[in-house]
Amino acid sequence: MKYFEFTNNVKICSGENALVNIVFELQFLNAFKPLILSDAGLKKAGTVKKVLKILNKNNLDVSRTYFSIPPDSSTSTINEIAEFYKTCGADSIIALGGGSVIDTAKGVKLVLSQEKDDIMTLTGNEVINAGKKIPFVIVPTTCGTGSECTTVAVIKNDVTHQKMEFISSTLLPDVAILDPMVIETLPPKLVATTSLDALTHAVEAYSCKQNNPISTGLAITAINLITQNLFMSLNHPKQEVYKLNLLNASTLAGMAFSNSMVGIVHAIGHALGRYNVPHGNAMAILLPACIKFNLNVMAEKYSELLLYFKGPEFYVSILEDERPNAFYKEVKHFVEMASNITGFSLKLSDYGITEQDFSEIATFAINDGAAAINPKLFSRADVIEILKQCL
Amino acid sequence: MIKFVLNILIRAIKVGLKLDTQIAQDVLCLPKKYVIKINVLPKNKSVTIKLENGKITKLKHWQYENVDLMVEFKDEKSAKEVLLGKTSLSTSFCEHRIKIYGSVNDAITLTRIVNLIECYLFPKFIYSKLFTPQPKMEESKLKFYLTFLFGGKL
Ligand SMILES: [Fe+2]
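Protein chains in written order, with the working numbering: chain A, 1 to 391; chain B, 1 to 154.
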């Protein structure tokens, strides 16, 4: 690429007790009355209560809340919350959750900062100006989306049921809080699948067309952290340090892919999301098959990735010509190990996908935003072939 | 110059729609009645087309009120590089040379159509550098050019 842009102006507070910094950070942004967004699952798991208790203890007004965000961020939910924000007298937003809570919060911030009533009037890529300042803090509760540091939000259009992509640097929050306390009760399956999502972000950020030197560095560090900490975390779930490292990896991979974008794995994964295949699971299933698909075009990059994925000793033990294929095999093995330890399936058929669905999934995949970024052009037939391998 | 090349691109898309079923299939991915504008900043040189019933019609500025999808080049140099086959539309998108107003998914469909059209318009030594692998053309370039030049009002 002859030219690149890199955007990331998010302050990151990471580590033990990071949550207590929210109060200071909001004050710094002249905000005192946040609207706190989360979902029913986190409320039920007790995470919301724990976080509210900490914030309350540190004298933050936590009376404005909305905890009914559905698993799919949608246009109507965003418009409803934006309206609620105006009537409840909030002056800032805290998003506590995974991908859908964060994307919803980004949508709400967009509507409010552009002083609009409907998110659908703001669709597009890089078409929005900075707008009105809405202080915005994100607390991710999974170790995968990296959405706290991305300029993208994927939001479902309630009318057409289409997943719309919104791309703008104004979607970034002011602060991301990475506190291992909020993921201490995250089930091992979700630790594994969300981390594999982050791994996919790093691999695609490293190898896709929009790749740049800054994203490359971030992606390499993310890969190192994931390979060194995922199984340690699954084997020692009580030790916070491994989960914190996975959270950091997720954020780094998020920064990387926000500026490099993602490719075929995400294009097909987004399409599978319409069939309710959870995103992290879809990534785990698709990543090896898509690496295999890209192999002939990406040999050099995948060869380099083998070094970061397996370390120098393993790397030099493999003949130069065999390194790209070795990378594919090692990623496949890594994903299979995660699946065996935590018990999630690597077969699309176990998520209700049948061969009859392939044609529609393939059409959605080739029209996904990520399709334009993959280093190798792909067709409907290519997607169907990959889906067959994953059934 | 930009306006002239944009008009060539539109006519080429019309020819492609007539001759290559892949383009017809891609047009089907877009909403049935759809107005697309390609605009080049800073002087707002543009062409606007309407897709309706699988047909493409070029619109004058007084013939439309709303644009459903606008692909806007941030500067003329970037637009020329795409329109003259020096770079692909997707690379231009990757390099942040383009803004998209409307559905990003529909813009990707348009990108795929333009990719194939560039293969018909340009010699292999040009388009082979733009795409890996190269999109497969269903028709011969000769037929494409003959239809382009003598196909009348498409
Ligand atoms: Fe992802």
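Calculated from the structure, these hints are not laboratory results. Any given hint could turn out to be false.
[Unchecked claim] No farther apart than 25 angstroms at their CA atoms in a straight line, the calculated lysine-lysine pairs in the DSS-like style are these:
1. B:55 <-> A:376
2. A:163 <-> B:141
3. A:2 <-> B:33
4. A:376 <-> B:141
5. A:2 <-> B:80
6. A:2 <-> B:74
7. B:55 <-> B:143
8. B:99 <-> A:132
9. B:129 <-> A:292
10. B:124 <-> A:2
Would you mind confirming whether the straight-line C-alpha gap from residue 129 (chain B) to residue 292 (chain A) stays at or under 25 angstroms?
holds, 23 angstroms
Please verify whether residue 2 (chain A) and residue 74 (chain B) have alpha carbons no more than 25 angstroms apart.
holds, 16 angstroms
Against the 25 angstroms threshold, does the CA-CA distance of residue 55 (chain B) and residue 376 (chain A) hold or violate the hint?
Violated, at roughly 30 angstroms.
Taking only the CA atoms, is the gap from residue 163 (chain A) to residue 141 (chain B) under or equal to 25 angstroms?
Answer violated: residue 163 (chain A) to residue 141 (chain B) is near 37 angstroms, above 25 angstroms.
Under the criterion that the straight-line Cα-Cα distance not exceed 25 angstroms, is the pair residue 376 (chain A), residue 141 (chain B) satisfied?
At roughly 24 angstroms apart (the allowed maximum being 25 angstroms), residue 141 (chain B) and residue 376 (chain A) satisfy the hint.
Mind checking the alpha carbons of residue 2 (chain A) and residue 33 (chain B) for me, to see if they're no more than 25 angstroms apart?
Answer violated: residue 2 (chain A) to residue 33 (chain B) is near 37 angstroms, above 25 angstroms.
Has the given pair, residue 99 (chain B) with residue 132 (chain A), been kept, meaning a C-alpha gap of at most 25 angstroms?
Status holds; Cα separation ~21 angstroms.
Given the hint that residue 2 (chain A) pairs with residue 80 (chain B), does the C-alpha gap stay at or below 25 angstroms?
holds, 16 angstroms
For the pair supplied as a hint, residue 124 (chain B) and residue 2 (chain A), confirm whether the alpha-carbon distance does not exceed 25 angstroms.
Holds. Residue 124 (chain B) to residue 2 (chain A) sits at ~22 angstroms (cutoff 25 angstroms).
Hint check: residue 55 (chain B) vs residue 143 (chain B), CA-CA at most 25 angstroms. Holds or violated?
Answer holds: residue 55 (chain B) to residue 143 (chain B) is near 20 angstroms, not above 25 angstroms.
Going through the hint list in order, the structure does not satisfy hints 1, 2 and 3.
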